[in-house]
Structures are given as structure tokens and as C-alpha cells.
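Everything in the sequence shown is counted per the working numbering, starting at 235 for the first residue and increasing by one.
It cannot be assumed that every hint is accurate.
Restraint-style ranges between C-beta atoms, simulated for each label pair [as the list claims (entries may be wrong)]:
1) Asp-1070 to Ala-784: 45 to 51 Å
2) Leu-1039 to Ala-769: 15 to 21 Å
3) Ala-556 to Leu-1013: 50 to 56 Å
4) Leu-346 to Val-469: 44 to 50 Å
5) Ala-342 to Asp-1177: 54 to 60 Å
6) Thr-610 to Asp-1070: 26 to 32 Å
7) Ile-495 to Ala-784: 52 to 58 Å
8) Asp-1066 to Thr-610: 21 to 27 Å
9) Ala-342 to Pro-687: 55 to 61 Å
10) Pro-841 to Leu-346: 53 to 59 Å
11) Pro-687 to Pro-1105: 25 to 31 Å
12) Asp-1070 to Trp-564: 21 to 27 Å
13) Asp-1177 to Leu-1046: 29 to 35 Å
In case anyone wonders, no lab produced these hints; they're calculated from the structure.
Glycine included, C-beta positions come from ideal geometry on N, C-alpha and C.
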Amino acid sequence: MAVHLGEHVAAGGAARVDERALGAGTTLRFALLVALLLASSSLILLYVALALSPYDGFVCSLAAGVDPVTDPAANVMAKRALQWEAYQSCSERAAAPPSGWWLLGWWALLALGTVALFRALPAWKARRSRVVPLAAVDRDGEIGRTLAELSATAGLARPPRAVVDLAADSAGAVVFGRTGRPTVCLHGGLVAARTTDPGRFRAVLLHELAHIANRDVTVTYLTVALWRVYAAVAVPLFLLWCAWKVHTAYGSQAWSAEAPIVTRGLLVTGLLAVLVHLARSDVLRSREVYADLAAVRWGADPAAGWSTAAAPAPAGGRGRRARHAFVALWHLHPGWDVRRTALADPAVLFGVRALPLALTGAAAAIIHTHITYAITQYYLLTVWMQHAAALVPAALVAGVVGTALWRAAVYAALTGQPAPSSVRAGLWLGLGLAGGSAVAGQGTVNEWLPARPWVFALVVAAAMAFTWWLTQCAHLWVVAWRGRSLRGVALLNLAAAALALSLWFVWWQNFGAAYAAGWSFDAAALRDHQLTFYAGKELDHPPASPVDRAYVLLMTVGTAVTSPPLALLALAGLWVTPLLAWLPRPGADPPRWVRAAAPGDGPAPGPPPPRLRRVLVAGLIGGAAGSLAAVTHTAWLHGRERPSATTFLMTFVAGTIVALLIAAAGAGAAARVAVPAHRLPAALVAGAAATFLGSATVVALRVFDGCVPALALDSGPCPGGLAGPLRMFPLVLVPTLPITALVAGVAALPRPRAASRPGRPRSMALARSCALVLVAGGLAVAAVHAVQRMPYAGRLPAASETQRLARQGAYLVVDAPVSAQSRALQAQAWLDLGGDDLLDRFWRGRRDLFAAVTSGVQAGRSIDRLDDVRPLCAEISDFARAAARYFRFPEPETQALWDRFVALAWQGSQECQQALDADQAEQFNTAMRKLASAQDTGHAIDDRIEALIRQGGL
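Put together the whole structure using the sequences plus the hints.
This is the structure we're talking about:
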């Protein structure tokens, strides 16, 4: 059912709004469909290419100890991450991605097929309809002259090619081909009506010419061609892949993990078909109305061209009307009643409808998931690539949804109608994002459902915040901007929104979806890791307190959000963009853009925004509150005992964060009261100013630590230097910034009980100067952060680095029962992927070493003459290092044997080399005994593994 969130009919006397006041956004919606089809077809190609290769990612998971039957998704992630060195090495050998030429060839095939079909469609439509050239019917050339005249009226460089479908008795026409070479097909009934109803004839022709002038033809038919190529080539390939998966995996241990993936793939394919058709139909209905309005603007008679009788309203109750509305969603043309109403008031083109929002959200989520899967397969998952992958759906969402919200804001301002609810718009967008994420497999991994489905509520909340910000900024700029066009400032707002939304996509892909899948962490271990890095030395390890858990959660979220180099620029855009709207001087006359958007005596879009001074004073109030909190907390810490260095440092850092949150909350609340009509933009600007003031106070307290005895925390000299603040900037202050922005926005949520009184006119010089200083400071901090992050953003972290972080508390494994068959599969995979080779390698190395020692002893050589044995000892040391990097054995008792085996091999090989260097015969003999004991342990491991495999029936 089509749910309209805001389609207003102008009241009597209200200005008629020109539909061209802002860009329509329909081309962006076509671009969204194209991106969706390309991303989805690329994923299908990867699936098929991997199926045709020796790819076996499942066996690496088995060797890592994953049980495909009982392990939840959180365990799958944890067991891989905790052994990332071994898992990545295994994946490079057993699960290498297909050559990049596969993707390039696939894209070339899609492009060639789409272009070929696009060029063939006009000929096919002409052949199917058995059309004849216009000259065959237009003997006197009158129709041709009329077509040329109307083409000039429409601004076309030359008339389109014209043909006639004599078999079509309707008084209509259709245009096809491409914008450079369009073809207008006149129906036989329209040609016959040329003399009996010339007004209708001209109106229909002008409508079709409007499609050409609006460049609808190429975009529409290119999308149709791409969809048909996708349906004819990619979908059959995917169905074959599904059948192959079912054939090879059904009934096996792997099927429990593969079944959700195959099922979701089929759901995504079906969803794509529905999504593409509904979205395309919605765009085409909008373009029909745009063409109607253009035709009337060029002189078409509304009474003649749109006189078709409207279909009767569906009789019956609400259910029948709902079915009628649902059927209308699939139509490519709007109803005649909608089209006639739009001629008087184009409100339908300024509405914010639920269906496009939900479809946009679902498409964006699927695009992001598929792009991320592809770059993960090719080991391209650097921070830059993650951000680029997030920018694609973020830009599309901002372009499609933001344009709709801006158009609605303009319409509401010029007609005096209430604006559509940004909350409901965000709800529909969020439901689409959440649904698309779930269907695409985010938050589920190898499970049917996410372990924490409530986490998807965050997706909806983020979408609502996104639409609220866009709507509030649009209302602010509409009443503040006095230029000739809103397009430039709208583009600025959409760019800022896209950059900010991309941070959400990055966070959701890396942490939000993982948490929904059940990911858990060790708060105490992560706290110790972060504080040790901040202090620059090892600290004690007390148990985690609620404050520790809150700190770890906030810092984990903040660090993930601010990991891209452009993160602080994106956060700055949230408050710099609205702040710029306060800088133009207000005027008494209506803005110049109003004259173009509402020709005639258009009304003013609304009262100008309150003075910037109110916003900055709110920031000053919040900054003072945060600074006072920081000073008070420092003074309180000064007199505290320090039984634990970790607890003391944790208290200091937590107090710093709370002080900044107090600053942001106070500023947001003050701004909400001072500027109620634009409370969110005002709260963000004031919150940024307050955060800067609070951060400056915190930094000053550290720089001048010791200068004021009552505030001294360290025993060093005065001033304390910049070492502490420099460590604090990336580890505490930067990760806190997204949290302070969120707090300031939340503080603006409640509506004030009364509107603020307008202030007396004052000079804006001081306020502007402060605003420019604030903007310069924000951009400077963003630049410093970008420079710090760039060296790390372009490289993949080393496997050992990822594994080390995982073992420092980033992942926890939940105990789950393992069947004998699963254990046998794990043991076999462990052996096949390198365990057996490692055991053989040690056996050969120990054999060669003992043979060389025996030969030397028999030759009468003493310890000081056995230097040729040393490389053999070193080779066993190399083996021990490789064994330590290999997978842990999936069964605890065997792993204990393996730990003893590797330790004995390492100790024996190291002592062997030390004894040879020092000519210590007794130490050398001890080393040989340890290596012999290691060999015995290796035999025990062999026996244990064979027993496990037999017990599992393999």
C-alpha cells in the first residue's frame, strides 16, 4: 500500500510552487538501481567463480575449531580472529579469490550486453508494433510541421524521428530510443484525432517531447536493458550455483552453515526483482507528472490533453481500497486523477512517500554488504577501502532521500503547509535499511537469525537521526538563504549528510553487525590494553567495574566511528553546515530564489533564523559547565589515594569524558530553549563550541599540571609539557567527539513549551568572527586527525596485529558442545592443512639432527667440533615458530599435548644452539633428551588424532 507522508494541496491563495525549484532526484534513483544490479551481479559472479575453483573456505574454519552445527555466529568470528595468522594463511592457500580478470570480464560482459540490448530495443519495439514512417501517413506534411513547431517550443535542437502504429486505436503516443536519437511513436487513434481534437493532439505530442527534453529516454531504457541482461544472465547463474550448493552440501555437516546463506541468496534475488520493478515504476510515475507539467508550461491545454475520465474509486471497505492502492504501485503510469490534480498543484512531486524511502534503504544496505564482501575476498579491506565502500550507498541515500526532504521543506515553506514528519520518513528509511541488512546476512553470518535482533533498532534510530538532521537543516537554509538558487546549498547539505552517513555504514559493518551476531568482548582486558597504551607502561589488572564497561563501550564505538581519516571532517560537517546558514545577513524582501520557485508575488518562506549570538551563548554556557566539571573532577582526584594505578587512570579518563559530555548536553539543552524552531542545528553548533571549550580546559589542566597545587595530579615540574595531551588527543578526545555530538542532539529532542522571543537587532560582526574561529578550529582538528590516520588507513593491518588485538580481549568464545563427527572433521582439517606436515617436519629434523650427532660421536668428535650440527638445531627452532603460528588443535586434551610438544621442541633447539656456542656437553645432552621427549609427545598426538577421527566415523 502506498503510504504518503506529505502530499499537500495548496490552499486557496497559496503560491503555486514550480516543480523545478530543486532537482527532481529521479536520475539518482535510477543510479541507485544500477548500483544495486552491478553489486548484486558481481557477488553472483564471485560465487560462481569460487565454485569453479578449488576454493574451500569451510575447511579453514574447521581447522580453526569451528563447529558448523553448534557454534553460534559469535564463536565463528572469535575462533577465526583469535587464530588470524593461521586462518589468513590457510585462506590464502585453500580459499584464494578468483582472478580480478573475472570481475573485469563480467563487468565488460554486462556493459556490452546492456549497450547491445539498449540499441536493439527501439528496433524491436518498432518491429513488434509494425510501425510505419510518419511520411507514409502524413501525405501533406502537416503533422511533420506541427511536430517541428512543438519540438522548437520544447527547446529540442531538431525534431525526433516519428513513426505511426496504425494498429493502436488509442489517442496516445510513446517515445523510445535514446535522448540523442529518440523516436516518437504516434498511435493511429491520435493521428485520427488530429483534426477532430487538435488540442489533445498537441498536448500528447508536447508530453512526449517533454520526456525527451527531460532526458528521460536514455536513463529509462538503459535501466530496462541492464535489468533484462541481469535477469537473463546473472539470475540463471545464481540459480545454478544454488542448485550446486544444495547438491554438494545437502546432508553434510556443512549444510547447516550453508543453508542460511543459500536461502538468503534466493530471498535477495526475489527481493531484487520486486525492488527494481517497484522503484522503477515509482520513478516513471513521477516522470510522467513532470512531463505533464512541462507540456502545460509549453502551451498544452489541460482541459484537452487530460480529459480522460478517471477510474471510479474502489467501492467497499478499507481492505479493498488497500488492495487497489497496492495494485497501483506496480503501474508505470499514475492515475488520471493524480495527473489532473498535479496540473493545478504539483504537491505529488514534493511529497515524501514511504515506499521509495523503504526501497532506498533496502537497496543501500544490500549494495554496501555486497561491495564489502567483494573487497574482503580480495584482501582490500583497508580503512580507505572500507570508507569508500560506505560512501557509495551513503551518497545514494543522501541524494535520493535528501532531495525528497529538501523538496518537501521548500514546498512547505512556500505554501504554508506543515512539513512532512522527518521521524516517519526516518522510520521507513530505517526499516528498509534494517530489512536489507538482515536479508543480506549482516548480523547472522552462518545463522538463520541474529543473536541480538534488538540491535537492528539502532539502524532505524540512525536513519531517523539522519532524516531529522536533513529536514532541520533544510528548514534552516530555506529561511536563511537569499541567493538566486537553493541548489548549491542543498548540494552542500547532501554532501555533508552523505559523509556523516558513511561513518554509520563503516561502524555498522565493522561492529554493529558483529554485535548483532553475538560478538562479546572482555571489558577488563580491553580496558587494560587501552590504558596501558595511554600510560606508556604496564599497569595492574583489577576486575572490570561498571564504569570500566561503559568506558570500553564508548571508546570502542568512538574509535570505530573515527577510524577513517575523514571522520572528523564528517563530524564537523554536521555543525559547520548549519552554522554557515547563520552567516548571511537577513533581509526584508523575499529571497531571490523564491521568485523563481513561486513566480508572482510569492510569500516569504518564513521568519529568518534567530541571531547567531543565541547559539554561541548556548555553547558558552555548556562549555563553562563542562570546564567547571573538569576542574572539579581534577581537584577531587588530587586528594584521592591511589591503591591501583589502573583504577586511578580510569577514574581520570572517565571524568574527562563525563566533563565533555556535560558540556555538550548543557549546550544542547540551552540551544534548544534559545532557538526552538531550529533546535537540532543550534544544538549541534552549540555542542561543538562547548566541546571545544571543555577540551581546551582539559588540555590546559594537563599542560599546566603542577602549577596549581590543588589541581596537581603528577609530581612533575610546572608546566607538565605536551606529552600527556598529545597522547590524550587520539586516545580520549577524538573518540569522544561522536559521543558528544550524539549527546548534544539528544538534548535537543524535547520540544520547548514556548517559542523564544525575537531578539533586538544587533551587530553580527562579533558573532561572525567567533563562528569563523570555531569553523577554522574544527577544520584544523579534522586536518590533524586526517594526517595522523593516513599512514594507517592505506594498509592492511598485519595478521599478527589483528590476532594480538583479538587476544587482548576483543573476542570471547562461548562454550558449545561438539559432536564426535564434527570433532573428527576438525581434526582431519587440522591435519590436512598443515598439522601433518608440521609433525613430519619435526620428525625429519630430529632424525637428521640425531643422525648427525651420532655420526660425529662415532667419529670421535667432541662438543667443540660439532659446529656442523648447529643449522639442524636452528631448523627445529624455525619449526617451533611455525608450529606456534599454526591453528590450535580444536580438542583441549590434544592441544595440551601440542603445547608441550612445541615447548619441548623450542627449548631443545634453543639449548642445543646455546650448548654448541658455549661447548657445554651436559647442556647439549639435556637438549637432545628434550627433543627425544618432544618426539614421544608427537607420537602421542598422532595416536590421539587418529582416535578422534575413528570416533567420528571418518
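So, going through the hints one by one against the coordinates:
A beta carbon spacing of about 48 Å between Asp-1070 and Ala-784 agrees with the range 45 to 51 Å that was offered as a hint. Between Leu-1039 and Ala-769 the C-beta distance comes to about 18 Å, which sits within the given range of 15 to 21 Å. Between Ala-556 and Leu-1013 the Cβ separation comes to about 51 Å, which falls inside the hinted range of 50 to 56 Å. For Leu-346 and Val-469, the hinted distance range of 44 to 50 Å is not satisfied, since their beta carbons lie about 18 Å from each other.
For Ala-342 and Asp-1177, the Cβ-Cβ distance of about 55 Å falls inside the hinted range of 54 to 60 Å, so the restraint holds. At about 29 Å, the CB distance of Thr-610 to Asp-1070 agrees with the hint of 26 to 32 Å. For Ile-495 and Ala-784, the hinted distance range of 52 to 58 Å is not satisfied, since their beta carbons lie about 36 Å from each other. Our hint of 21 to 27 Å for Asp-1066 and Thr-610 holds, since their Cβ atoms are close to 24 Å apart.
As the Cβ distance of Ala-342 to Pro-687 is approximately 41 Å, the hint placing it in 55 to 61 Å is violated. Between Pro-841 and Leu-346 the CB atoms are about 57 Å apart, so this pair conforms to the stated range of 53 to 59 Å. At about 58 Å, the CB distance of Pro-687 to Pro-1105 disagrees with the hint of 25 to 31 Å. Range check, Asp-1070 to Trp-564: Cβ separation about 59 Å, and the 21 to 27 Å hint is violated.
Taken as a hint, the range 29 to 35 Å holds for the pair Asp-1177 and Leu-1046, whose Cβ atoms sit roughly 32 Å apart.
Of the hints listed earlier, those the structure fails to meet are numbers 4, 7, 9, 11, 12, in rising order.
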